[in-house]
Amino acid sequence: MRTSTTPSPRPALPPPGPEELARRGRRFGVWYFAEHQLLAMRSYLSVIVAFSVGHPLLYLVAMGVGLASLVDANGGGDFGGVDYLVFIVPALLATGAFMAASGEFTWPIMDGFKWHRLYYGPLVSPLQPWQIAAGHTLAVAIRLFSQSLVYYLIVAAFGAVPSGFGILSVVTATLAGLAIGTPLMAYAATIREEKAQFVMIQRFGVMPLMLFSGTFFPLTNLPVFLQWIGWLSPLWHASEIGRVFSYGYDEPLWLSIAHVAYLVALAAGGLALAFRTYRQRLVD
Amino acid sequence: MSETTPSVRSLPPEPAPRRGAAAAAERPVVIRAENLVKRYGDFTAVDGISFEVPAGESFGLLGPNGAGKSTTMRMIGGVSRRTGGRLEIMGLDPEEQGPVVRAHLGVVPQQDNLDEELRVRDNLLIYGRYFGLPRAYLKPKVEQLLDFAQLSDKANSRVDDLSGGMKRRLTIARSLVNEPKILLLDEPTTGLDPQARHVLWDRLFRLKEQGVTLVLTTHHMDEAEQLCDRLIVVDEGRIMAEGSPAELIRRYSTREVVELRFGADRNAAVAQQIGDLGDRVEALPDRVLIYARDGEAVLEAVVARGLSPVTSLVRRSSLEDVFLKLTGRSLAD
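Line by line, the protein sequences give chains A and B. The first sequence begins at 1 in UniProt numbering and counts up one residue at a time. The second sequence begins at 1 in UniProt numbering and counts up one residue at a time.
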């Protein structure tokens, strides 16, 4: 063990006083926690890119190009007069964010509370529990937005987004992720033992939502008794509003507003719930 | 330690000189707890604890697992709400002024919670950001902390790759990023090998020399003796005794202790035969302890009675003996 120490560089200034540090924590704590999460994401960036861009691209090629040739050859009248590829792109964009969020708002939460107890570090800094929840949400929102943007640019290059307003579907896709994510986060914060709950959510929650949310075909093609799945699913709302932006899909304005309001309400409600479950778990 | 008949004399070094009570009285009180109570349903984890810690003191909470030490630490940090009593950190109530109180503190938790996927240096940087510290301050500060924790050559390693002792030193370095005046250490060396513990104690001594107030919980009596100017012995949420390690030993134990092992089936019976030797005799399942001023003389008396222990040891009294006297149980129970 080395015992002698060379003179180490000293900070030029002493740190600000505790009152100032607490003030900064109150004001910017959410961002401070988000910074940590974003730095951590950098270490598995290749996995993120593969999962969030590669995965929907595979769908795009398989469905949007392969299946589309079959669908379009048969008239494709069900898709509002646009090519199947154009119809499917906004939904795939939202699906990418939706799937990524279902991962980012489950296992990492368990990691924070239990596996590596990462939340207990910031808990004894000036940060407060709600800022940890909000910081995680902010970091994931940045991730979802970035991956959606990259995906959007790729599909736009394919010529699959006729309208310039299509860029707004990047925002609504991000909202779709938060709408499924924050309620999941609130729930994940209550789990003491992870007994495959998250895998069950993926298999029997997220996956069926993807299949029954008007992703690959209009929701109205489903029997009425199955259509309610879509109405409840944030993915359907994000796909529909994405189609409005991407190719001017014709729907009443009130419905478009309802799509966005529903997504915002779910995301905000889930976050408010998460503030509560985080506080209950972290402060006894 | 080899324990062979007739005796192995193993004396710990003389305790380091402690700061006097008069000096402590002149320093401002940084932590004041009055009748602190914490209940979880029917279970009372902390049951009316009161203490004061003056600035610059190294103060310990010694007790077995479950004594209420960690809960007390959590209340000091404002992350556990007290059921009753008063608590002031630098004159502030941690429940009302949590962020300001925590900005004053450095906290070393019982379980490391480093981000194992990040590099060593990044762990310090990120933690500094939690305190709102600007990068211009953090850049040199992080190098200084790496040097202090003797981890400069590991700065770019992932935390995953560090040994247990290195992780603990990194956690301590991390807690110093905001230059706290009060450092809370919850079982700082539990689970470390002896060499790693000594390295860590050395680092903590240096902080103490720099005037940082140390508050530590431990169930290792040697750690308490090494590090604490003053401590409270806690059991079942209550304070059993308070004082410097030397004072406590003087007050509750004798100068020396003879440890005798006759075998698990004979210890209790032999204890009755030698009950008149020394000031007090304790029969534990694995050994018999005789508390006396002159241990060698007592050991000679035992041998003179025709008793031949399997092993014997004459040693100085320790805080373990204080705890045994106060609670009737050993700290390891």
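Bear in mind the hints are in silico, worked out from the structure with no lab data behind them. Bear in mind that the values here come from a model prediction, so they are computed numbers and not experimental data. Be careful, since some hints might not be right.
Derived contacts from chain A toward chain B, CB cut-off under 7 Å, selection only [claimed, not checked]:
1. Arg24
2. Tyr32
3. Ala40
4. Ser43
5. Leu45
6. Asp111
7. Lys114
8. Leu123
9. Val124
10. Leu127
11. Gly159
12. Val283
Derived Cβ-Cβ restraints for the label pairs, each shown as a range [stated by the list, open to error]:
13. B:Trp201 / A:Arg117: 22 to 28 Å
14. B:Trp201 / A:Arg276: 39 to 45 Å
15. A:Ser69 / B:Pro134: 55 to 61 Å
16. B:Trp201 / A:Gln280: 24 to 30 Å
17. B:Ala136 / A:Asp250: 31 to 37 Å
18. A:Gly205 / B:Thr190: 54 to 60 Å
19. B:Asp93 / A:Gln280: 41 to 47 Å
20. A:Tyr44 / B:Arg206: 33 to 39 Å
21. B:Gly41 / A:Val264: 23 to 29 Å
22. B:Ala136 / A:Val65: 27 to 33 Å
The beta carbon of each residue, even a glycine, is placed where N, CA and C say it ideally should be.
A quick look at each hint next to the structure:
no.: 1; hint: Arg24; in the structure: holds, 3 Å
no.: 2; hint: Tyr32; in the structure: holds, 5 Å
no.: 3; hint: Ala40; in the structure: holds, 6 Å
no.: 4; hint: Ser43; in the structure: holds, 5 Å
no.: 5; hint: Leu45; in the structure: violated, 12 Å
no.: 6; hint: Asp111; in the structure: violated, 9 Å
no.: 7; hint: Lys114; in the structure: violated, 11 Å
no.: 8; hint: Leu123; in the structure: holds, 6 Å
no.: 9; hint: Val124; in the structure: holds, 4 Å
no.: 10; hint: Leu127; in the structure: holds, 6 Å
no.: 11; hint: Gly159; in the structure: violated, 40 Å
no.: 12; hint: Val283; in the structure: holds, 5 Å
no.: 13; hint: B:Trp201 / A:Arg117: 22 to 28 Å; in the structure: holds, 25 Å
no.: 14; hint: B:Trp201 / A:Arg276: 39 to 45 Å; in the structure: holds, 42 Å
no.: 15; hint: A:Ser69 / B:Pro134: 55 to 61 Å; in the structure: holds, 57 Å
no.: 16; hint: B:Trp201 / A:Gln280: 24 to 30 Å; in the structure: violated, 37 Å
no.: 17; hint: B:Ala136 / A:Asp250: 31 to 37 Å; in the structure: violated, 55 Å
no.: 18; hint: A:Gly205 / B:Thr190: 54 to 60 Å; in the structure: violated, 41 Å
no.: 19; hint: B:Asp93 / A:Gln280: 41 to 47 Å; in the structure: violated, 21 Å
no.: 20; hint: A:Tyr44 / B:Arg206: 33 to 39 Å; in the structure: holds, 37 Å
no.: 21; hint: B:Gly41 / A:Val264: 23 to 29 Å; in the structure: violated, 39 Å
no.: 22; hint: B:Ala136 / A:Val65: 27 to 33 Å; in the structure: violated, 52 Å
Hint violations for this structure: numbers 5, 6, 7, 11, 16, 17, 18, 19, 21, 22, all remaining hints satisfied.
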